[in-house]
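There are 2 protein chains.
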Amino acid sequence: MLKQQSASFSISSLPERQYWGSDLQLPEIPFEEIMHDDESACKWLCTLKKVGIVLLTGAAPKQGELFKLGHRIGFLRLTFYGPTWQVQDKADANNVAYTTGKLCFHTDYPVLQHPPGVQFLHCIKQTAAGGDSEVVDGFHVANKLKKQNPQAYQILSSTAVDYTDVGVDYCDFAVQCKQRIIDVDSRGQAVRINYNNATRDTVFDIPAEEVRPFYAALKEFDNLLNSAEHKFTYKLKPGDIVTFDNWRVLHGRQSYPSGSEVTRHLEGAYLEAMCQPCLLPASGHSELRLLAIPAITYEMEGAQLGSAVAKGKPRFRGIYLHQMSYSTYGCITGEGITGVILVPSAEPQSGMPQERGAVQAAVQVHGQDPARCGQVSTPASATITRTG
Amino acid sequence: MLKQQSASFSISSLPERQYWGSDLQLPEIPFEEIMHDDESACKWLCTLKKVGIVLLTGAAPKQGELFKLGHRIGFLRLTFYGPTWQVQDKADANNVAYTTGKLCFHTDYPVLQHPPGVQFLHCIKQTAAGGDSEVVDGFHVANKLKKQNPQAYQILSSTAVDYTDVGVDYCDFAVQCKQRIIDVDSRGQAVRINYNNATRDTVFDIPAEEVRPFYAALKEFDNLLNSAEHKFTYKLKPGDIVTFDNWRVLHGRQSYPSGSEVTRHLEGAYLEAMCQPCLLPASGHSELRLLAIPAITYEMEGAQLGSAVAKGKPRFRGIYLHQMSYSTYGCITGEGITGVILVPSAEPQSGMPQERGAVQAAVQVHGQDPARCGQVSTPASATITRTG
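One line per chain: the protein sequences are B and C, in this order.
In terms of the numbering used here, the first sequence opens at residue 370 and continues consecutively.
In terms of the numbering used here, the second sequence opens at residue 370 and continues consecutively.
If we strip away everything but chain B, and leave its shape as in the complex, we get:
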């Protein structure tokens, strides 16, 4: 009998998350390379997954570049601040970002139940004094907090905090949402930071006796975020586009002098990318489309399903394969059989299958009709040949 390993999510071949603090080596890739070279675009996305932030350099210092970048891998996500938005000092600002004031560390849009995964900020004009950007690795700091004060971590990952945003911009809006400051997965690992004091509501719907412990926990998290050890400061130059994981990286800026003229101007946008969320299980959301990784096709022959022989073209789909648990190898379609090829745990646990070779393989059959599904073939030696 074929021994099946647990199907827990394995991504050993994808870039592991790399935590950072003030020692961040901010990854840089030229904007034009991303736009014209698929390999660079793929490197950008993988680095975004790994580090959470990538600086694209050398874009034209004018509005509109973010549309091009968005369309390169999907499209921009519309919010009630518009498809793109201009971060500059404005009269009657409807958002603290539209002033010259300091912005404390925050994530964008916790007031939306599904906050934007990836954010772009394109520097068009930069002020001479002040206006430096600050970023911090929220997941890294959350881990620190968990070690340092597990109870504080527990409070921040379980207390529902009220967020609100009311105003007029792309349309008029009056939005409210409940979020935990630190969203965790079933293992208690941080998967999304939802922290924005500018939109945290004056309403805070928790029992009075929980208020002080909550704020004590938040203060501790806030102190860690702002510690010199954790925060990284840099200054955007005109033509720079910083791209970052808004679920992981908190951002802020230092204040700068206000005047009669606009001395600093960033254009911002969110990415709605057409891509594999499951490619990015660590933050699980960014929906980055996988680029430049051609499907590899194989022929397979030999696995028995009852009396039928599974002969067909398994669809091996690039990195997608690496996502699967060890026991699943690929997908096969042919001669009336649609299913998943299972291989014993002795097989390589990740990576592309060999160019050609015999594998111990079974086929698990499924498809659109539940009644016809669920059969698992007896294991047999099958031959895999790379054909494309």
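None of these hints come from the bench; they were simulated from the model.
A pair counts as met if it fits within one copy or between any two copies, since identical chains are not told apart.
SDA-like cross-link-like pairs, simulated, lysine to any residue; straight-line CA separation at most 20 Å: (1) Lys437 to Cys540; (2) Lys513 to Tyr388; (3) Lys437 to Asp538; (4) Lys437 to Phe542; (5) Lys437 to Pro452; (6) Lys437 to Val537; (7) Lys437 to Leu447; (8) Lys412 to Phe542; (9) Lys437 to Gly451.
These numbers come from a predicted model, not from an experiment.
Could you slot chain C onto chain B? The hints should help.
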């Protein structure tokens, strides 16, 4: 000491979810009423929350009406099938919906990690024979399954199913996602159905021994969805716009004869609405903007915070108040105090506060600076006066 009730989410004043089967009385509201009367628009949204489906009648049978409807309460959500999409028989269809074939019950877009909450389908042209619409209350059926076969419910609410969609439309796309067929909240209640066999992947990354039990469970759920007792059939007329909760209601259609001409044409769209997700805690996602409910302002005087007297204008924000737990009454800002008014559990548990009267009230202070927050005043008799 002021006794605090648990802050669990209470919405007794919001419309309760109303389950339905083949006996559904499909709620109807004239399209023009929604567009021009705030009260009708609010009724529409509340009914959408309660029943999960509302038919708007009398729209012009031409493309573009959905843009108007979307802008009435927010805007349309762009996906890779475009801002709106034309459901009609197409050559080289990239989606089963774009054929004349039967569509089994499904929810849209489980391949997106955050599937659209509200869907619009606007009938522009209707075929004489066939093409009837079918809907079923997914939450109602999920509850039935839970009673009938708790283990099947457990399997469907815990097994991660692979979804995929690859093609070209508004942009080229290659999307993958893992979803549970029935997403549940912490109490095990269904909060989102993710079921679409047309985009369920041929890859199914679970251990082989779990495959048969999964399909047995899915078959049972599928049978319940399709039982005469649960499904409701109706036929859209040109000018009808069906609006429904895509997290709750599964939809399908009967096949119709194909021909050289397009005999049936629906325009579809998803809503990205600027609204209170917390208004709709049962499905928690639809982000419907609250319309036509003016803020009511009150004066409050008398609650003590240390030596300060909380005197100011509490912001009572319409229905939002009803969302709060019993212990929270409203929000107050004034004389250096920002906080939440707490009232004892003897107070009415929901509904607007009285026009004027004395209440036992404390103030819970918070704001943007964690260090200054967390104080709770001693309870005191306070006077509330409605001022606007």
